[in-house]
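Using the hints provided, position chain B relative to the given structure of chain A.
These protein sequence lines map, in sequence, to chains A and B. With this note's numbering, the residue at position 11 of the first sequence is 11, and numbering never jumps. With this note's numbering, the residue at position 186 of the second sequence is 186, and numbering never jumps.
Please note that a few of the clues may not be correct.
As the list claims (entries may be wrong) - Some residues of chain B that are not near chain A, with every Cβ distance over 12 angstroms (derived):
| id | residue |
| --- | --- |
| 1 | Gln5 |
| 2 | Cys94 |
| 3 | Asp105 |
| 4 | Arg142 |
| 5 | Asn153 |
| 6 | Ala260 |
| 7 | Ser338 |
| 8 | Gly391 |
| 9 | Phe397 |
| 10 | Lys421 |
| 11 | Thr470 |
| 12 | Gly483 |
| 13 | Thr488 |
Said to hold, decoys possible - When the alpha-carbon atoms are kept at most 25 angstroms apart in a straight line, the in silico PhoX-like pairs for lysine-lysine are as follows:
| id | chain 1 | residue 1 | chain 2 | residue 2 |
| --- | --- | --- | --- | --- |
| 14 | B | Lys354 | A | Lys136 |
| 15 | B | Lys360 | A | Lys62 |
| 16 | B | Lys62 | A | Lys327 |
| 17 | A | Lys62 | B | Lys354 |
| 18 | A | Lys360 | B | Lys62 |
| 19 | A | Lys327 | A | Lys92 |
| 20 | B | Lys327 | A | Lys333 |
| 21 | B | Lys360 | A | Lys136 |
| 22 | A | Lys333 | B | Lys333 |
| 23 | A | Lys62 | B | Lys6 |
| 24 | A | Lys354 | B | Lys136 |
| 25 | B | Lys6 | B | Lys360 |
| 26 | A | Lys92 | A | Lys468 |
If you're looking for bench data, these hints aren't it; they were derived computationally from the structure. Idealized CB from N, CA, C, for every residue including glycine.
Residues per chain, in single letters:
Protein chains: 2
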Amino acid sequence: MAQAQKTAIQPTRAEDYPEWYQQVIRAADLAESSPVRGCMVIKPWGYRLWENMQRALDDMFKATGHQNAYFPLFIPMSFLEKEAEHVEGFAKECAVVTHHRLEPDPNGGLRPAGELEEPLIVRPTSETIIGATYAKWVQSYRDLPILINQWANVVRWEMRTRMFLRTAEFLWQEGHTVHATSQEAVAETEQMINVYADFAENWMAMPVIIGSKTPAERFPGAVETLSIEAMMQDRKALQAGTSHFLGQNFSKAQEIMFQAENGERQYAWTTSWGVSTRLVGALIMTHSDDDGLVLPPRLAPDQIVILPIYRDEQQRTEVLRHVEALKNELSEKTFRGSAIRVVIDDRDVRGGEKKWHHVKRGVPIRLEVGPKDIEKGSVFVGRRDQPKSIGMSREEFVATVSDILEEMQQGLFDRAAQLRKDNTCTLSSESDFRDFFTASDENQVHGGFAICHFADEQSIEPLLKELKVTIRCVPSSDNNEEGVCFATGKPAGKKAVFAKAY
Amino acid sequence: MAQAQKTAIQPTRAEDYPEWYQQVIRAADLAESSPVRGCMVIKPWGYRLWENMQRALDDMFKATGHQNAYFPLFIPMSFLEKEAEHVEGFAKECAVVTHHRLEPDPNGGLRPAGELEEPLIVRPTSETIIGATYAKWVQSYRDLPILINQWANVVRWEMRTRMFLRTAEFLWQEGHTVHATSQEAVAETEQMINVYADFAENWMAMPVIIGSKTPAERFPGAVETLSIEAMMQDRKALQAGTSHFLGQNFSKAQEIMFQAENGERQYAWTTSWGVSTRLVGALIMTHSDDDGLVLPPRLAPDQIVILPIYRDEQQRTEVLRHVEALKNELSEKTFRGSAIRVVIDDRDVRGGEKKWHHVKRGVPIRLEVGPKDIEKGSVFVGRRDQPKSIGMSREEFVATVSDILEEMQQGLFDRAAQLRKDNTCTLSSESDFRDFFTASDENQVHGGFAICHFADEQSIEPLLKELKVTIRCVPSSDNNEEGVCFATGKPAGKKAVFAKAY
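This is chain A alone, in the form it adopts within the complex (with noise of 0.2 angstroms):
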């Protein structure tokens, strides 16, 4: 019997993917738990990863004329009653602060003091904390649009939680807006979610559905909820981000009005759209590998590292001037716009072991130098999508980086759009939508997106809820063809995407 080939990751996909997920997160050294409960702590290496994504998507938020500011971490509990669905939805999460001091306990230690006369709720978004700030601003339609963004942390008390993709705080983004008429509100949570599935695709590297949500799985108060839905290496669903129409629900739980040309006073229409550091949870899960991490280039902290190799003081120090050189050479190159980020690591650490941190934390090229490859014009070029390292001209390297990196970056979209290709069917009868998402083998993968007409939620939801699969979305393209229910037979206008999911 042919032994395994080690890998870095114990265990590996195959064999138990949600602990794979966990030790690649361990061996990158991304983050981990924290003393408190369901939260986690960034570490350098995930944190970089996520300002790479602020940033990117920043510009993206700027350039379509929005602007950052910053409200309050605390929303009264009164704030939340006001919009039935809304409270609802984030009652059962969420932190109450209800003091303001701590005084000694007799018994000893410290006990809460300083009772609020009204609780306060730690944000689980702000929608309602957010509205009732742009009820004041919001006079005449001259007021309007409102196209504000804001980069904030946020707590929803989840009982099983999972680092990056469900934890009690999170970080995010969460894009609030106000405007006069419902068509240029349904613009804009349709602008903002094409503005997700461009930074998943061509930033993540991940290829996204867009669609809308069913009733049932919609944000709590809004009346529409489109979202960008992703194919996870074990064929699970992800939704990566969301845009909502809200209607004018917030606005009259809030009283945001405004006088219109005609004189009249109207309530306006709102939008809110939302990304959180559960997008680092979807690239590790999208690009991944039993070795550890595998970024795309665009977003990975550093994309080249040079490891210099030598014996002694006397070569260290030629190999250091020389790889001095070829960093600085590399970083004025630039990559899709960007100056290329080349670091050196000159640790003092193992050759094999330094080769191992990087190939496990996802660098796209490792460039290791030594003095027979100065000697000989060269360079030894891992590439993180690549199993072996080659020899390589320098000059012809430094010529070709740029395509290199797109061409990983281009890789591995098309290796996760294979994927999702590979494992989306079709289906339009009850018993083979059961085969699909009934575990085929002894690792319980079932058979991913299954694309299917339906005619609605209520009837469908005991199958549904029995197999452990949910409506993803109905797919806002190519999605006008008539057809019939797979289950009920009943005639249906549109097709869903059905999947597990995260």
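Chain B in isolation, oriented as in the chain A frame:
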């Protein structure tokens, strides 16, 4: 009797300085109070200012070897208890989370439910929660130093709040570092106060005094606190940043231990340092005047605003084409290493109103351009630091724009330095000290900064309390001259800066 010149801000600084401050914030659209007690809403113009500060500081932190990370918002109550002075310092102003959901209240509305086993504190600062994490990271001297910064929101339940200067929630950065030796930690503490001073003087154009805090004014739990102190226009002092040498106090409380090269297990040495959105308040009070906000060009969100002037659609087309070209030309010029930030304001608003909009928001340069200017090849230049606009050839303006911004940046610094010089006295007797800090005119403006030898804090405390004066710091430079305490006559080795303070 001559009529006083009408100013854009009412009241003026001389009439009512605290109210003037609030009105500048309102007129410049920087922030407003929120429905949550003591929490503010930072509006887009204020947030862009903060973003520019963040970006500059973040670059300086990275240039000195620090990395960003993110730690939990919540701190278990028991963590605070571990460092006695620390909890003493913060227990009275903690927002305490005691429940994790809301449930319907039988009397209507909602009520907190799901009581936590251990209350959680919303971080007032993160030494304890970060220290608990570092204790796991640090095993050997090879793991040191740890040089990490976090951008975050913090909450201190202050009873009297003022926008930017003292708010219940504020935004800040907190650096937390761990070192193998006391010397290294002290060097880090000093390095970071120097970074803050560099930022204050070279970006904010705000001269500062670097010094150490006396024991009573130290950060709770610190061995030594260094601060930068600036003089506001009402001659009060504002502490603008602090850097703390924590000795082994927190490493003992949190068990941050490492194995030294000689094999011994030792407690590590830690530091922490921070600046906050308070800096925005400092910026306002250092430079603004009775017409509103004045911004140092280096931090201004927009450095130049072009105001096109036209009477009809045909002129509009011509003028807009011209100012677009001018904008592009100016955007290619740089000021202190960054591209100049230029915008065109073509809103449909009366000319005077539009001009004052930008005056009040502190845009450094306004350029009015109409058909006659185009004909003559001129621009009408309004500098925020000069009362009258002047005509200038377009060519000359473009050629000298960087110099003009430089002159403005330096001019603001010089003016602030002159104010401080004019209002700083070296005093050696208690009666002089009393006179200096006794209000001398109807606006209750006191003397400013008094530099005095002092022997010990305790013996002068009653006097300081009576006069509402505090010891700001013991300056780090030029402070080795022996003398006698201004109040007690005892021998004194050091001088301190005394002032009323924010």
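Hints versus structure:
1. Gln5: For B/Gln5, whose nearest Cβ neighbour in chain A is about 31 angstroms away, the distance exceeds 12 angstroms, so it holds.
2. Cys94: With a cut-off of 12 angstroms, B/Cys94 comes too close to chain A, as the shortest Cβ separation is near 5 angstroms.
3. Asp105: violated, 10 angstroms
4. Arg142: B/Arg142 not clear of chain A: closest Cβ-Cβ about 9 angstroms, inside 12 angstroms.
5. Asn153: violated, 6 angstroms
6. Ala260: holds, 17 angstroms
7. Ser338: Non-interface label stands for B/Ser338: nearest chain A Cβ at 16 angstroms, farther than 12 angstroms.
8. Gly391: holds, 33 angstroms
9. Phe397: The claim stands: B/Phe397 keeps its Cβ more than 12 angstroms from every Cβ of chain A (closest is about 27 angstroms).
10. Lys421: Holds, since 36 angstroms exceeds 12 angstroms.
11. Thr470: holds, 24 angstroms
12. Gly483: The claim stands: B/Gly483 keeps its Cβ more than 12 angstroms from every Cβ of chain A (closest is about 42 angstroms).
13. Thr488: holds, 36 angstroms
14. B/Lys354 to A/Lys136: holds, 22 angstroms
15. B/Lys360 to A/Lys62: Since the Cα atoms of B/Lys360 and A/Lys62 sit roughly 24 angstroms apart, the hinted pair holds (cutoff 25 angstroms).
16. B/Lys62 to A/Lys327: holds, 19 angstroms
17. A/Lys62 to B/Lys354: Holds, because 23 angstroms separates the two Cα atoms, which is no more than 25 angstroms.
18. A/Lys360 to B/Lys62: holds, 24 angstroms
19. A/Lys327 to A/Lys92: violated, 53 angstroms
20. B/Lys327 to A/Lys333: Violated, because 29 angstroms separates the two Cα atoms, which is more than 25 angstroms.
21. B/Lys360 to A/Lys136: holds, 21 angstroms
22. A/Lys333 to B/Lys333: Distance ~23 angstroms between A/Lys333 and B/Lys333 Cα, so the pair holds.
23. A/Lys62 to B/Lys6: Status violated; Cα separation ~37 angstroms.
24. A/Lys354 to B/Lys136: Holds: A/Lys354 and B/Lys136 sit about 22 angstroms apart, inside 25 angstroms.
25. B/Lys6 to B/Lys360: Given that 25 angstroms is the threshold and the Cα spacing comes to 14 angstroms, the pair holds.
26. A/Lys92 to A/Lys468: At roughly 22 angstroms apart (the allowed maximum being 25 angstroms), A/Lys468 and A/Lys92 satisfy the hint.
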